[in-house]
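Let's have the full structure, built from the sequences with the hints guiding it.
Line by line, the protein sequences are chains Z and H. Note that my numbering numbers the first sequence so that position 166 is 166, with each residue one more than the last. Note that my numbering numbers the second sequence so that position 179 is 179, with each residue one more than the last.
Don't read these hints as lab results, they were simulated from the structure. A quick note: this is a predicted structure, and the numbers were derived from the prediction, not measured. Each residue gets a CB set at the ideal place from its N, CA and C atoms; glycine is no exception. One thing to keep in mind: the hints can contain errors.
[Claimed, not checked] FRET-style restraints, in silico, Cβ to Cβ:
id: 1; chain 1: Z; residue 1: I225; chain 2: H; residue 2: G142; range: 41 to 49 Å
id: 2; chain 1: H; residue 1: L125; chain 2: Z; residue 2: G80; range: 44 to 52 Å
id: 3; chain 1: Z; residue 1: I158; chain 2: H; residue 2: K173; range: 39 to 47 Å
id: 4; chain 1: Z; residue 1: V279; chain 2: H; residue 2: T139; range: 23 to 31 Å
id: 5; chain 1: H; residue 1: D94; chain 2: Z; residue 2: I278; range: 20 to 28 Å
id: 6; chain 1: Z; residue 1: S188; chain 2: H; residue 2: R134; range: 26 to 34 Å
id: 7; chain 1: H; residue 1: P172; chain 2: Z; residue 2: I158; range: 40 to 48 Å
id: 8; chain 1: H; residue 1: L125; chain 2: Z; residue 2: T164; range: 24 to 32 Å
id: 9; chain 1: H; residue 1: K110; chain 2: Z; residue 2: G80; range: 30 to 38 Å
id: 10; chain 1: Z; residue 1: G80; chain 2: H; residue 2: K232; range: 49 to 57 Å
[Said to hold, decoys possible] Covered stretches of chain H, as calculated for chain Z (at least 3 residues, CB under 8 Å):
id: 11; region: 76-87
id: 12; region: 105-111
[Stated by the list, open to error] Chain Z is nowhere near these chain H residues, computed Cβ spacing over 10 Å in every case:
id: 13; residue: E20
id: 14; residue: E59
id: 15; residue: R134
id: 16; residue: L170
id: 17; residue: Q213
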Amino acid sequence: MVFQQIIAGIITGSLYAIVALGLVIAYKVTGVMNFAYGYMGMISAYIFFTCFSMVGMNYILSFFIAIAFGSFVGYAVERGLLRPVRNISPASMVIITLGLLLVLEGVALQIWGNNYQQIPNLLNGLPLILRFNGGIIVIPQQNLLILGVVTAVIIALILYLNLTFQGKAMRAVAQNEEIAKLMGINSSLMMSISWIISGSIGALAALLVAPQTFVYPDMMLNLQIMGFTAAVLGGFESIPGSIIGGISIGIIENLVGTYISTNLKTTFSLAIIVAILIVKPEGLLGSAKARRV
Amino acid sequence: METDHILEVENLTVKYGPIEAVKGTNFFVGNQEVVSILGANGAGKSSTLKALAGLIPHEGRVTFLSKDISRTEPYIIPYLGLTLCPERRGIFPDLSVEDNLLLGAYTIRKNKNLIKENIRKVYVLFQRLEERKRQLAGTLSGGEQQMLAIGRALMNDPKLLMLDEPSLGLSPKLVDFIFDSLKTINKSGTAILLVEQNAMIAMEISTRIYVMQNGKFAISGNTKDIDFQNLKMKYLGV
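Written out as structure tokens, the structure reads:
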């Protein structure tokens, strides 16, 4: 049933989209492609697991503690690890974030081991069932939650960046840090804020996907790769591009999985994306101009 | 220090590695004055302004409104009333014209009424900007971008406006318009420190000039005492 697969694709894709958004906002403001992004989120999923399953705290409270921890990790990584080496080449910066990925994976293994830890869905009620002539679509409540939360985050982020003074100041820093300083904008503070936002979005993505993937050190590997792909497909600089990129990859992947081969769904979707990028190297909504880095 | 000097610079030195771009200059800007630093390309003019704005490391003492700002962070300086309108305009191309102006008012962001009033003043000065306020700044023509850069620099009511080559790349007619606007801005009470290669137009609006050569001032004085023909041949290489 094609509609069922498209809906499932939109839901998977919405997760890719917020991962892409988190990557893009940090990249636009600080110029760093964060290859440790998914793994930073993974740590927050373990924090949730610890609070909720081990300590026995309430679900919502554990959720917010984990998100707050994610924003702290974002702040700490930018301020403590990346800012002191800001002026090194982009290639070295990539190596630093890849190193961080390995460190985070090792830390998680040391603290929590490599067992698959289960965390429950927040919503476990009956799925939403839509019937129409000749078809039926079933959407589990957790997936509705994912869609709702992701939509809310995207709208909040767009409003923040376009309507608030601070959001505009952040875009100014992304466009030209030196000129932004001349306006009286504290660029360092904006960089910290961008990583705090990025870190909390990464934690949120990990928490939303954790009931399906289970919590383990490499739980975010797939989401991180697909999030990167979504960002690249969208042009890596564009917020609408990331959203469209994420959703399209989700849909393509689900259709390929259903109609061609489940085993090949990642390979096949990535091949389609490579094909798109050969035709349009700047991405769907990227600009062909000189880019930051 | 005399109290009517809004800006006082002593022994300003700027180095890029082993190269000294500015070699211990001394100058001042008086209240409500228009002062120009003239000179050929590479004489150290832009480095002087960037150092005053805190963007590049420098030695020496910079006093603005009786406050030592030699070590002040660049993003604090506009809060004090000293604003640089940078070389090549430096507008934010992916933001609208009005958002560019708003960011100029970042230091007064709590005062919505003052921002509204200042935007209105900028639109009176540059009507073109009002017609294009919703457009992305990157789509403006060179002259309009210069108007936007100046308008944006005025948004936080600077006491001293520093401008780096506002005539660069503009047609003579637009240069005249921009410099007429600078005269208007000065009349409304803002002192101006101007860096220019176009000596003739700069001298038309300046009370005093400094001529820079290899990082030092070769001559300085009241504009009316300076022989333009002599200046051109000897120092500006035109």
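Open item on the list: Taking 8 Å as the Cβ threshold, is the statement that the region 76-87 of chain H is covered by chain Z upheld or broken by the three-residue rule?
Closed with: It holds, with 7 qualifying residues against the three required.
Has the hinted range 24 to 32 Å been met by the Cβ atoms of H/L125 and Z/T164? Between H/L125 and Z/T164, where Cβ atoms are some 27 Å apart, the hint holds.
Notebook entry, point to check: Was H/R134 rightly flagged as not at the interface, with every chain Z Cβ beyond 10 Å?
Noted result: holds (13 Å)
Status of the stated non-contact between H/Q213 and chain Z (beta carbon gap over 10 Å): holds (27 Å)
### Query
Can the suggested window of 39 to 47 Å be confirmed for the beta-carbon pair Z/I158 and H/K173?
Distance hint for Z/I158, H/K173 holds at roughly 41 Å.
Point to revise | Beyond 10 Å from every chain Z Cβ - status for H/E59 | key: Holds, because the least Cβ-Cβ distance between H/E59 and chain Z comes to about 20 Å, which exceeds 10 Å.
Review point. For the region 105-111 of chain H, do at least 3 residues have a Cβ located nearer than 8 Å to some Cβ of chain Z?
Key: n = 3 at 8 Å, threshold three: holds.
Inset, instruction - Mind checking the hinted window 26 to 34 Å against the Cβ distance between Z/S188 and H/R134? - result: holds (31 Å)
| message | Just to be sure I understand the hint, the distance between the Cβ atoms of Z/I225 and H/G142 should be within 41 to 49 Å; is that true here? | response | Given a distance of about 44 Å, which is inside 41 to 49 Å, the answer is holds.
Against chain Z, does H/L170 keep a CB gap of more than 10 Å to every residue?
-> Fine: 19 Å to the nearest Cβ keeps H/L170 off the interface.
Kindly confirm whether 20 to 28 Å is satisfied by the beta carbon distance between H/D94 and Z/I278. Roughly 26 Å apart at Cβ, these two residues keep to the hinted range, so it holds.
- Item | Pairwise beta carbon distance, H/K110 to Z/G80, judged against the given window 30 to 38 Å | Holds - the Cβ-Cβ distance for H/K110 and Z/G80, about 31 Å, lies within 30 to 38 Å.
In this structure, none of the earlier numbered hints is contradicted; all agree with it.
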